[in-house]
Structures are given as C-alpha cells and as structure tokens.
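Q: Chains as they are written, first to last, in the numbering used here: chain A, 1 to 629; chain B, 1 to 99; chain C, 1 to 262; chain D, 1 to 507.
No lab work stands behind these hints, which were simulated from the structure alone.
Owing to the predicted nature of the structure, the values given are computational and were not obtained by experimental measurement.
Careful, some of the hints might be misleading.
What the hints assert, rightly or not - With a straight-line Cα cutoff of 16 Å, these simulated EDC-like cross-link-like pairs (lysine to aspartate or glutamate) come out:
hint: 1; chain 1: A; residue 1: 450; chain 2: A; residue 2: 302
hint: 2; chain 1: A; residue 1: 372; chain 2: A; residue 2: 302
hint: 3; chain 1: C; residue 1: 37; chain 2: C; residue 2: 136
hint: 4; chain 1: A; residue 1: 526; chain 2: A; residue 2: 360
hint: 5; chain 1: C; residue 1: 153; chain 2: B; residue 2: 71
hint: 6; chain 1: A; residue 1: 577; chain 2: D; residue 2: 305
Unchecked claim - Which chain C residues stay away from chain A? Per the calculated CB distances, all over 10 Å, these:
hint: 7; residue: 44
hint: 8; residue: 87
hint: 9; residue: 100
hint: 10; residue: 107
hint: 11; residue: 111
hint: 12; residue: 117
hint: 13; residue: 139
hint: 14; residue: 151
hint: 15; residue: 156
hint: 16; residue: 160
hint: 17; residue: 178
hint: 18; residue: 179
hint: 19; residue: 180
hint: 20; residue: 219
Stated by the list, open to error - Which residues of chain A face chain B? A few of them, derived with a C-beta cut under 10 Å, are:
hint: 21; residue: 556
hint: 22; residue: 606
hint: 23; residue: 607
hint: 24; residue: 608
hint: 25; residue: 610
hint: 26; residue: 611
hint: 27; residue: 613
hint: 28; residue: 614
hint: 29; residue: 617
The beta carbon of each residue, even a glycine, is placed where N, CA and C say it ideally should be.
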Amino acid sequence: MTSNYLVYLIALPLFGSALLLFAGRKADKWGHLLGTAMSGGAFIIGLYEFSQMLGRSTDQRAVTQKLFSWISVGSFQVDAGLMLDQLSICFVLLITGVGTLIHIYSIAYMSHDLDRRRFFAYLNLFIAAMLLLVLGDSYLNLYVGWEGVGLASYLLIGFWNQKPTYATAAKKAFVANRVGDMGLSLAIMISFATLGTVSFSGVKEHASQASTGALTAIGIMLLVAATGKSAQFPLQAWLGDAMAGPTPVSALIHAATMVTAGVYLITRSNFIFDAAPTAQLCVAIIGAITLLFGAIIGTAKDDIKKALAASTMSQIGYMVLGAGLGPAGYAFAIMHLLTHGFFKAGMFLGAGSVMHGMDDEVNMRRYGGLSKFMPITFATFGLGYLAIIGVPPFAGFYSKDKIIEVAFNAGGIKGITLGCAALLGAAITAFYMTRVVILTFAGSKRWNEKAHPHESPALMWIPMALLAVGSVASGFIFTHGNSLKNWLAPVVEQSPAHEGELLKPAVVSVLALVLVLLGVGLAVVKYMRKEIPLVAPTDVSIFTRVARRDLLQDDFNEAVFMKTGQKITSALLVTDKSIIDGAVRGVAKLVRGSGSALRTTQTGFVRSYAMWILIGAIGLVAAIWVVTL
Amino acid sequence: MNAANYLYVSALLFTIGAIGVVVRRNAIVVFMCVELMLNAANLAFVTFARINGNLDGQVMAFFTMVVAACEVVVGLAIIVTIYRSRRSASVDDASLLKR
Amino acid sequence: MINLAIEVGKTTTPEAVMFWFLAPLAVLAALGMLLSKKAVHSAILLAWVMITLAIFYIAQDAVFLGIVQIVVYTGAVMMLFLFILMLVGVDSADSLKETIPGLRPIAITAAVGFGGLMLSLLGRATLGNDIVGLTDANANGNVPALAELLFSKYVWPFEVVSALLITAALGAMVLAHNHRLVARPTQRELSIKRFRGESLANAAGLPNPGVYALHNAVDVPALLPDGTAAEASVSAMLKARGDVIDSKPFQLIELTDEEGEK
Amino acid sequence: MSNVNWLTTLGLLPLLGAVFVAFLPKTNALAAKRAAFATTLIVAAAGIAMATQFQRDNVDLQFVEVHSWIPTFGINYAVGVDGVALVLILLSVLLSPIVVLAGWNEASGGRWSAKTFYILILILETMMIGVFAATDVFLFYVFFEAMLIPVYFLIGGFGTGKRSAAAVKFLLYSLFGGLLMLASIIALYVISGEQGGHTFDTTALSHLHISSTAQNFLFLGFFIAFAIKAPLWPFHTWLPDAAEAATPGTSVLLLGVLDKVGTFGMIRYCLTLFPDATKTFTPVILVLSVISIIYGAFLAIGQKDFKRLIAFTSISHFGFITMGIFAMTSQGHSGATLYMFNHGFSTAALFLVAGWMTSRRGSSKISDFGGLQRVTPVMAWVFFFAGMSSLALPGLSSFVSEFLVLVGTYTRYPVAAIIGTFGIVLAALYILIPIQRSLHGPIMPGNEGLTDLNLREKVAIAPVVAIILVLGFYPSPLLNVINPSVTHALSVNGHTDPAPSIAKAGK
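The following block holds chain A by itself, in its conformation from the complex (with noise of 0.2 Å):
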C-alpha cells in the first residue's frame, strides 16, 4: 500500500520553521500561532492516516511513499521512502498529539519570551525532525531524523544560551548524542557490508543469513545508539544537564518523545536483536543498570526538573529492558513508552506551571503548600504521579507491571535478577516520585515573599488535564484485549507461547504494590513528619552525596574522557608545532644556515668573481682532460 500524504506529515512542521526562521522577527506575531496550527495540521493528518488504517485488514495496514532516490553510487541504494506501519503510527500520534498540546502550552508558558517565534519555529523542526525519524523507511533515512531531533534539542536546550551553563549543557547533549550516533552509523555500514542493503524491509529480509557475529555487531552499534539518544548507561549524562531549555520542551523532547527515540530503534530492528541473543541481553542488562541509576539519582535532586530528568531515565530503563525482553516484551515497552509519553509530559507541564507561578524557581525546597495555590496542576500532576508509581488502574500500573512481570519470566538467574532490578525500581520511583509531590505540593510554604504563587491560564493547564486524562486512562485502552500487543503484532514478532511462568501476573502485581506502598510510605515518613531544610543538608551520609552528584556520572566522564582528550589535544598541539612543523622550519633553517655560509665568498669584489669563474673554468677543462684521456 502507499500513500501521498505521509511526506505532509513531516513538511507541514518543516515548512513552519523554515518560514518561522526566514520571516525573522517580521512573524513575531503570528509565529507561535503558525507553528501550533503546523503541529496540529500533523497530527490531523496522523489521524486521517491512522482511520484509514484501521479500515484495512492486518497485513495491509502498512504504507509507504517513495519520494526519489536519495543516494545511489554502485550498490548502496537509498531512497529518501517513508513507511507508516502499526509502529509508526503510534509515535505519529503520540509526537503530533502530545506536541501540539505543547505548543498550545508554550503559547502562554514563552509568552514573556522576546524570541518565542524563534522557540516555535525550534519546536516545528523538532517535530518534522522526529516524524522523519519514525517515518524512515531506511536506517539512513532514520539516521537523519536521528541527528535532526539532536539538532532541535540542542538549540532548544540552548534557547537561553546567553547563560553559560545552558550553552554548555547543549554542547553536552549534542555531543553525548554524537557518541549514540557513531554507533547508528557504524551500525549503518555493518549492516551494508554484511547485508548489501540498509532498508527495514531489506534488513529484516536478510538478516537470517547473515552470520550471528555480524548481527550481534550491528545489535551493540544500534544500542549505543539507542544509549546516546534515549540517555542510557553509560551516556545517560547529558540528560540532567538537558533541563537547561525551558520546561515545555523538557515535556515534549526529554520526556514524551525523543528520549524515547532509542526504545523505538531497538523495536524497530527487533528481527536484528531476535536473532543476536547477546546484543538483546546487553539491551536488557543496559535497561536495568539505567532504571535503577536513574531512580537512584532521583531520590537525592532538590531541582524539581532534574528530579523528573532522573525520573525519565529511569522509566526509559523500563523500557530498553522491556525491548531487551524480546518478542515478550517489545508491546510492552512500546505501551509503556506511550503511556509515559502522557503522564511524565503531564508532570513537567505541571512542574513547568508550578514554575510559572513561583517566578521560575525550581528548588523544591523553596515550594511547598502549593496545592492550595495551584489547584488544577496539583491535582493534573497528582494523576501523573499516581500513573508513574503504578498505582492501579492508572496508566503506569499496566505497563510497567507488565515489563516487571515479563523480567521475570525471561528465565533463569538472568529473568529472576532483571526482576528484582525492575521491582526494586518501582519502589525507589514510589520514594523519590511522592518526594517530589510532597515537597512542592504539601507541607508548609517555604518560599519568599518575591513569588506569588498563582494558577496557570487556561492555555497551560488545558493541555495538562488533557495529558492527565491519557494517565488515567491510555493504561486500560492498550491492555484491554491486548489491542496495542495485537495492533503491533504484525511488525514485532509475536511472543512465543509462556513456558513456565515463574510468577503470575497477579503475584507480581500484588509484589510490586507492596513495594510501592512501602516507598511512599519511607517518603511521607521521612518528608512530612518534619520541617524541610531551605539549604540541603550537608551533613548526609557518603551514599547521598554521590546520588547528589549524579552517582559522579560527570566526574568519571571529565576524569576519563574530557581530561584525556584535553592532554592529548595540548600534547597534539606541541608535536605539530615542535616536531611536525619544526621539521619544516627545520629544513628552511638547514637551507639558509648554508646560504650564510656559502655568502662569505661573495665578497663583493669582481675580481675574487673572476677567479671562481677561472676556477670553474679549470673544472670545465679538467673534465675534459680527464674524459678525453
């Protein structure tokens, strides 16, 4: 099947950037209206795109759309084609939908902002961007929406990049996303040189033949990849640091959508991962070091953004195990990806609102009380919060007890360690999740008399009710009759049938709530009984510190990456000034050393001349002499 409108969905968001970049400030006025309606125009079409698959039958539900023929030198055929399956069609709408609830957001939240043209038309790339990216039909056409969300999020994190910190935090980004991106590319020419071909359907036709080396190869370049993007271990870094750009694009970008462009990825090349078993435990063993690390590093933020930052990492965890699980777990993480997508872009909206009326503070040690003050985001971000710790029958309980009890059921010491990560996960995400409620929403008020805490207009809390009403709901659609494991059946391979479930789904659930209860109940214990410190205490166990400082993840990355390449970089610099160029000046050195030597028989008089020319005449006839002898 094919279809003309698929290349709409991305040009409508790219034609509003570029207008919005070119119109300059002659579009300040109606460039955030123009952008919103681009965004919206997309998820419209999204939605034409996705009744009309639903009125075909399973196997015909996939579109494409060749446009031309990207690059063709020899055998290396890239056509720049777009393909619009089950799977695709769930990030459409997710990135449409929940992105245009942020750009209506962002109407009020940047209106203050002398650049909120420039913002919207950032915003706009980064949607054509991330629709190119699942839309590709080829692992190029991919790589390049890979990089263009890289793009979109370093200049969104960089949009108040007058500040040093923020600039350097884009920097971080860009370049932790360039280390994921070697890897896509590598991944790219493995699979070329081993599979002739760099196609989804190509790869995917292939890859039975290819040997398993080459296809656990091409599975570890595609999960650094997945690493860099979606803020894995060990590139996970970037991603606090990321909460430098303003909070809807926090929402949209570090949370709902291209974080999430990893877990996409690795689904996406499931016929790779399925049959190379040691990338897809790496995928796996990856997803539970993240979740874990992330949650650890949550409970100790005081920065209600970096909280949620942490917070996302760790959900991303889930969800890179849940691919890691295989055919079991590939629905799984692509729900939980959606239902996240909902609930964690709710909760920064929330946050961002809550910033909005504490005069952009975002300690929250300085909030408190606010529940009062902020109704309506207390009560959109209480729904968030219960989603994320999985309280039933909200969103997050269905997915993520899922992923939990499929860890479980992977087998073996490795199904019954990935398990305990993932439960024990759920716990620390009940800890630091009713941490961050109870210090900004309970409790008594702790800021000072410069902010006035208010309630958000209407443009801003109307996206985060409607985000709210997906965590509550978004869980119950996709598990009810299977539909989202059915509807992606066709592009990721059915689960073989359980064998032997260690653990019924109903056991895990009941572990895991217990689990969560007793988080919250460690967190209400440990923030309600007693008054809040304004500065965060110092005098905290050595465990602490190092959650504080993001478990030294900057540390190690300055001490073994940054100060090397500093030295080898001063120590380059020296070798082609001394050694390289020295040999240069070196010999012009030689050269004229010589020449001044040589000089001291010009001594000026015609005479001394004259004899070098007897002298050279002597030569001559001696040569001669000698030859005719």
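Based on the hints, put chains B, C and D in the right spot on chain A.
A: Chains B, C and D alone, transformed into the frame defined by chain A:
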C-alpha cells in the same frame, strides 16, 4: 712547422689575459686583458678554420670581434660613469655588491 | 691577394720564420701588458699583440679578418682605450700590490694550471696533423667567400649582432651622458657674472698657467708679480686630481716668509 | 552546440576579464570589483551551460580539444573532462563569484591596488579551470605550478599578519612537491619514448608497462605532490599558516578549490597511471588518512583562532577524502568526489562568515567573541549553519559524502572506517566549542556594536546555503554525473566493489 703552434700561442695569450683579469685592479687594464682573451680565442678560431678548411671559424671570429667591440664600448662607458662618481677606476672600490 | 700559405696542408718556411719571430714577441708583449705599472704602457703593448695577431690571421688565409683586426682593434678599440685612459688620468700608476689576501697566488696557480691543461690537451689532440687549408674555400677570394657565408648561413646571427652593436652604441651614449643639473648659463648671464660679480679681478679673463724656461705646461700655476702662485691659472680639474706641480722651484727669488705672507 | 570549444572558452573568459580589469584606472576600485564580479558571473553561467551539455552516461572524456603545442616533445594543449573533473570545474566557477562578492572589501588592506587583487583572482580562476580540464600531463603540470603564483601574491600582498612568511612557506612547500612530480613526469616521458613514442597524454601513459619498482617511485613523486596540496598529514603545516594569513576569499579558493587539485590528482593520475603502485601504497595512505582525520580534528579543537581552526577541520576532511579515494570502492570514490564539491561550499560558508566576523571585530581570536547570536542573529545563524555543514549533519550535503566515504571504506577496510567514525564525534566538538564561545553566552565587551550581515553579504552567502541544503536532500544531479566516471575508472583499474558478506557466504 705545425699549424697547431698557433693554438699554443693562443692558449698562452688566453692564460695571460685570465691572470690579468684576476690580478690587475685598474678597470681599464682589466678590460684590456679581457680583450686579449677574446683575441686569443679569435686566433684559435682562425687556426681551426685553416685546419678544417672551412670559413665558419673565420665567421665566428668576425662575430667575436663585433661582440668584443660592443663590450668595449659599453664597458668603457661604464668605467667613465663610475669614474665620474667615484673618482677611481679601481675595480676593488666598486664592491657594493657585497652589501 | 696576399697568400703566404703556398702549399696546401703544410706551413711554409717563411711562415715558420715569421711565426718563430713574432710569436715570442707577442707573448712577451702580453706579459709586459700584464706586468707594467702604467696603463698606457699596457695599452701600447696590447696594440702590438693585436698587430701581431693580425699578421697571424693574414698568414692563415684570413685576409679580411687581418685587415679588420688592424682597423677595428688597433685602430678603433685601442684608440678608445687610450682616449678613456687620457680622460681618466694617463699618469695614474697602478699599484701592483695585492690587496685581497691570497688572491694572487691562487689566481696565478689556477691560471698556470689552466694554461698547462690547455697545452696538454692541445698536445694530445691530433688536429694539426692533416691541415686541410683554405685554398678551396678561398678559391673565389676570401672576402666573397666570407660574404657568402655571412649573408646566407649566418644572416640571422649577423642581423642580431648588428642590432647588438646599435644597442651597445646607444647604451654607451646613455651611460656616458652627463646629465646637466642646472640650465647652461647664457652669454648674458656669464657677462653679468663677470662684470657685476664680487670683484672685477677676473673680468679680463683668468691668468694663463705658468710659462717657464724649464717647464712649460698646464700643470704649473703662473707667478703673480709678488712671486706667489696664481691658483686660478691652473685648471680646476687638474687641481682636483692632485696633478698640479708646485711652482716654488721655478720662482726666481726666494721669498722670505714675511713677504710671502703679503 | 557541440562545436563550441567549451573548456577553452571557459578558461579564456576569466583571462579576458583580467585583461579588461588591467586596463581600468588604478584609482577606481569599484569598477575593478564590478568588472571582476561580472566576469566571474559570466564564467559561472558558461560553466553551468557547459554542464548541461555533458552527457552523463558517456564515460569517455568529453569536450575534448587537442592542439599541438610543443611538437618537439610531443606536448599537446589537450583538455577534456569526465564527471569528476566537471564537478570540480563547476565548483571553481560557482565559488569564484561568491568569493568576489563576499569579499568586496578584501583588497583594501593590501600592498597593491584592488585592481591587482581582482586580476589575480581572475587569473587564478583560469588556472583552476585549466588544471582540472588538462588531459596532457605536462599541461596539467604547467597549470599546477602556475596556479601558485597568483595565490602567492594574494596571500603575500593582501593577507594579514605574517603574510609574507606564510606566502613563502606555501610557495616553497608546493614547489617542492611540484618538483618531485616534475621528475616523475619526465620519467614517464622517457618511458613512453622507450615504448613507442614520446607522449604526455594521460590515456596513452596509462597504458604503459612500467616495472613495479619504477612505478613505486613515480607514484611517490606524484603522490607527495598531491599530498602536500591536499594536504595530508604530515605535509599539512603550510595550510594553517596560509589560511590564517590569507584573506577569507583567498582562503576559500585555497581550501575550497586549490587543495582539491591534490585529491583530484590522486584520482586522475596516481590511480590511473600507477595501478600496481596504488595497491602497494594503499595501506600506508589509509593510515595517513586516518591520522589526518583524527589529528586534524584534535588540533582543530585546540585552536584559538577561527581561521586556523577551519584550516585544521579541512585537514580532517581531506583525510576523509583520501580515505574514500583509496578505499577503491564506488561508494568511496563517488563519496570522495562529492566530498570535494561539498567541502568547497561548507568551507566557503565557514570562512566567509568567519571573515565577516573577523573584519567586524578586528580580531580572529575566538576568545574575543561572545554572545553574537543576540547581537547579529543572521550572521550567527549562517555561522551555525556552516558549522553544522562542517560536522556533516544529516540533511546537509556534507553528510551524504561523508557517509558514502565511510560506507565505501567500511566494505573493504573496516578498521579504517571505524577509526574514521570517531572523527564525527570530534567534529561535533571542534564545531560546537567555537560556536558556544562566539555565539552563545553573554555578550562580550567589544561585541555590542557589531552590525549584522548587509544585503550584499546575504546575497553572497545565500547560494552557498541553498546548495548545501538542496544537495543534502537531493544529491542525485551530482551523483549521476560522478557515478559513471567513477565506475568506469574503477573497472578500468581492475577494482570491483566487495559483495555483501551474506552473498559471499552464499557462494
């Protein structure tokens, strides 16, 4: 007598001229020595013409004479110019090339 | 047409006699030129060498060249040399003391080595053994034969050389041209300077140089009535060159210092 | 239209323009600028017209003209282009008007008048066209060396800082390489004489039978000349000095076009004349390329001066180009050729904007800038765009070429490609660090009053931006021209693309 004797004379005269060019300091005498060398060469040309039985050597000698004349004219003009500004015809005084 | 080479392929006895008489003289003259202190002596000796060479040319069937050698070299070039010598200072003796250390021994060694090598090379060569002679080439006379070559085979070098000659002549004119810095004074200006100048002392003309019984030349100043030398009577050029002879020996009366000061 | 002597016309037009400019009065700089700009525009139009006449599926040399030049030595005035040469000629003729327009006031700080500057630029354009069009090795050599002269005067006469020293270093370094090449050319001539007739014709020379030892030496003679020109590590040290001292326009022509002569020469001469020696030296050259990529990137990170930084990024990029060439796959070759074209434009954008920034601020030190995004948004945006092009952001033209090079290399030399891939991370650093320092952060003192791009500058940079964007999404027009020539050249020299490993396993 062998016609090659003329060549020996030519070689001797050439050598004497060469020594003169190097040793003498008066620019005019240096020039005379150059003329002597040219003449020595001419003698060789003429002798070779005779030995080989064709006139090309003589033509060459003729050209040499013309070139020598040109050289003398220009050279002496230069000497006059130098003398006018430096009051000396010594070649050692004109050693500005060094600087 | 003078033809001293009677037999083809051999030199005749008269030629040998002529050669053995003139060649040593030429070499001696050249050596003299090299060693004489005075440039004018060198010039005269060089002229002799050239005349000798002219004779050699004629002896070797190069009549035209011989004549040209006399006309151009001994006639024109050597006269030019002498003319310049006179201009620059005919008397100025050239010190033969070497000023550049080490040059002379190296030069003489080098030159002797060069000469030795040349002579040795010539001696090794076998070119003198079968002289072809120019009888055939000069059958229609030396000048027509030369002309034929010059205007056919060598016409292009000939033209180039003529261009060179003209260029050289022009170049010499330009080089030797004395550029006048101020306008030449007119007759009127000269008269005014003469009669309205600081004094009328020279109005009747400068005094002549000294005329004495023992010495009668431009390089001695005339004596004034009081016995002192008239500085204005000798050419400024000679003074500048330092060629003025003191007039004291020619004075009739030895003046006392007192009177001399008057 | 087939009877038009396209290449000769194209080469003569700038020369005529130079003669015309020479007759303009010295005092009227504006007239000289206008005449030069008009000339380059006409040449660009003629170049595009010529490109439309190119038959892209014809693998033979096209627009061939052969006239006897020095018959004694069998030297001909022989020109003709294949796809690779056509692309590079297009690059030259398109960049020239942009350089003239962008550097409208560049000549003001020179030793000589603006008129001289534009005469030199126009002469240089003729040389650039000639060097890519020549099919006679001797003619190529003449253009190769003659090209140095206008550049020497452009750097030494109109540059800044230590311009004389930089110009001399450039000249001597290039002459040294040229000398080695001349020796090889003479040897080829002698060998051709031994095998049936002296000739300098490239095609005829490629059919010679040369012993392997001789081939190795001759190859090195050519290769070192081209490696200096390109420049490849460790022959690169002249480039940063020259780029720092030269005016931005000159640097654009120097890095954008002149240095391509090196890589072009590798394809046209090293590979076709000495196929066996090429095989012998390929590992060494790949190592040098990889070192260039990484080394250039690291040094770029460490630079404190915009112009030097761009020069080092180019060294890194030239590493990619040579790697693509010597990977001997069609992707590598096409990618390298496309890279040459794209690098011309992305460097042009970088250098021109850096030049505008420098001339406004009066300094090219990165630390003297800061917060430009808020002072001069358009200039900052263009600089950012140029930077993105330099780090090969997908969607921009340089990505296509860089990726083709990497893919093409990987299929045959995976290790080299993997190390080269590290270059893309380093690229992010060497571009983003200066961008952060100059465009972001608070507005530095001395930056407040800087003016944004004026209309002339916008017009000059617009085509560059457009070409980078369009070719990023639609490189086919160029690839379609390049591919047949590349495939033909590779098959003539006996190289075939490695098959995917599953196909090999299938056999």
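Q: Run every hint past the structure and note whether it holds.
A: Hint check results:
Only pairs whose Cα atoms come within 16 Å are accepted, and residue 450(A) paired with residue 302(A) is rejected, the gap being roughly 20 Å. The suggested pairing of residue 372(A) with residue 302(A) is violated, with an alpha-carbon distance near 21 Å, which exceeds 16 Å. Between the alpha carbons of residue 37(C) and residue 136(C) the distance comes to roughly 47 Å, so the proposed pair goes past 16 Å and is violated. Distance restraint check for residue 526(A) and residue 360(A): the Cα-Cα separation of roughly 26 Å exceeds the 16 Å cut-off, and the hinted pair is therefore not satisfied.
A threshold of 16 Å between alpha carbons decides the hint, and for residue 153(C) with residue 71(B) the separation of about 25 Å lies outside it, so the pair is violated. Our distance criterion of 16 Å between C-alpha atoms is met by residue 577(A) and residue 305(D), whose separation comes to about 15 Å. With a least CB separation of 24 Å from chain A, residue 44(C) remains clear of the 10 Å interface cut-off, as annotated. Interface exclusion of residue 87(C) from chain A stands, the closest Cβ pair being 21 Å apart, more than 10 Å.
At roughly 6 Å from the closest C-beta of chain A, the C-beta of residue 100(C) falls inside 10 Å, breaking its exclusion from the interface. Annotated as non-interface, residue 107(C) brings its C-beta within 10 Å of a C-beta of chain A; the closest such distance is 5 Å. Some Cβ of chain A comes within 10 Å of the Cβ of residue 111(C); the nearest lies about 6 Å off, and the non-interface call is violated. Look at residue 117(C): its CB is around 5 Å from the nearest CB on chain A, not clear of 10 Å, so calling it non-interface is violated.
The non-interface label for residue 139(C) is consistent with chain A: the shortest C-beta to C-beta separation is roughly 34 Å, beyond 10 Å. Once the 10 Å rule is applied to beta carbons, residue 151(C) is consistent with being away from chain A; the minimum gap is 34 Å. No beta-carbon of chain A comes within 10 Å of the beta-carbon of residue 156(C); the shortest separation is about 28 Å. At roughly 25 Å from the closest C-beta of chain A, the C-beta of residue 160(C) stays outside 10 Å, upholding its exclusion from the interface.
Listed as outside the interface, residue 178(C) is consistent with that label: its C-beta sits roughly 24 Å from the nearest C-beta of chain A, beyond the 10 Å cut-off. Residue-level check passed: residue 179(C) sits 25 Å from the nearest beta carbon of chain A, beyond 10 Å. The Cβ of residue 180(C) lies farther than 10 Å from every Cβ of chain A, with a closest approach of about 30 Å, so its non-interface assignment holds. For residue 219(C), the non-interface assignment is confirmed: its Cβ lies about 32 Å from the closest Cβ of chain A, beyond the 10 Å cut-off.
For residue 556(A), the interface hint is violated, since its Cβ never comes within 10 Å of a Cβ in chain B; the closest pair sits about 67 Å apart. Checking residue 606(A) against chain B by beta carbon gives a least distance of about 5 Å; that is within 10 Å, so the hint holds. With 10 Å as the threshold, the beta carbon of residue 607(A) comes within range of chain B, its nearest partner Cβ sitting at about 5 Å, so the hint holds. Restraint check, residue 608(A) versus chain B: the minimum CB separation of about 8 Å is within 10 Å; hint holds.
At about 5 Å, the closest approach between the beta carbon of residue 610(A) and any beta carbon in chain B falls short of 10 Å, and the interface hint on this residue holds. Look at residue 611(A): its Cβ gets to within about 5 Å of chain B, closer than 10 Å, so that hint holds up. Interface restraint check for residue 613(A): the shortest CB-CB distance to chain B comes to about 9 Å, inside 10 Å, so the restraint holds. At a threshold of 10 Å, the smallest CB-CB gap from residue 614(A) to chain B is about 6 Å, leaving the interface hint in force.
Taking 10 Å as the C-beta contact cut-off toward chain B, the hint placing residue 617(A) at the interface holds, the least distance being around 8 Å.
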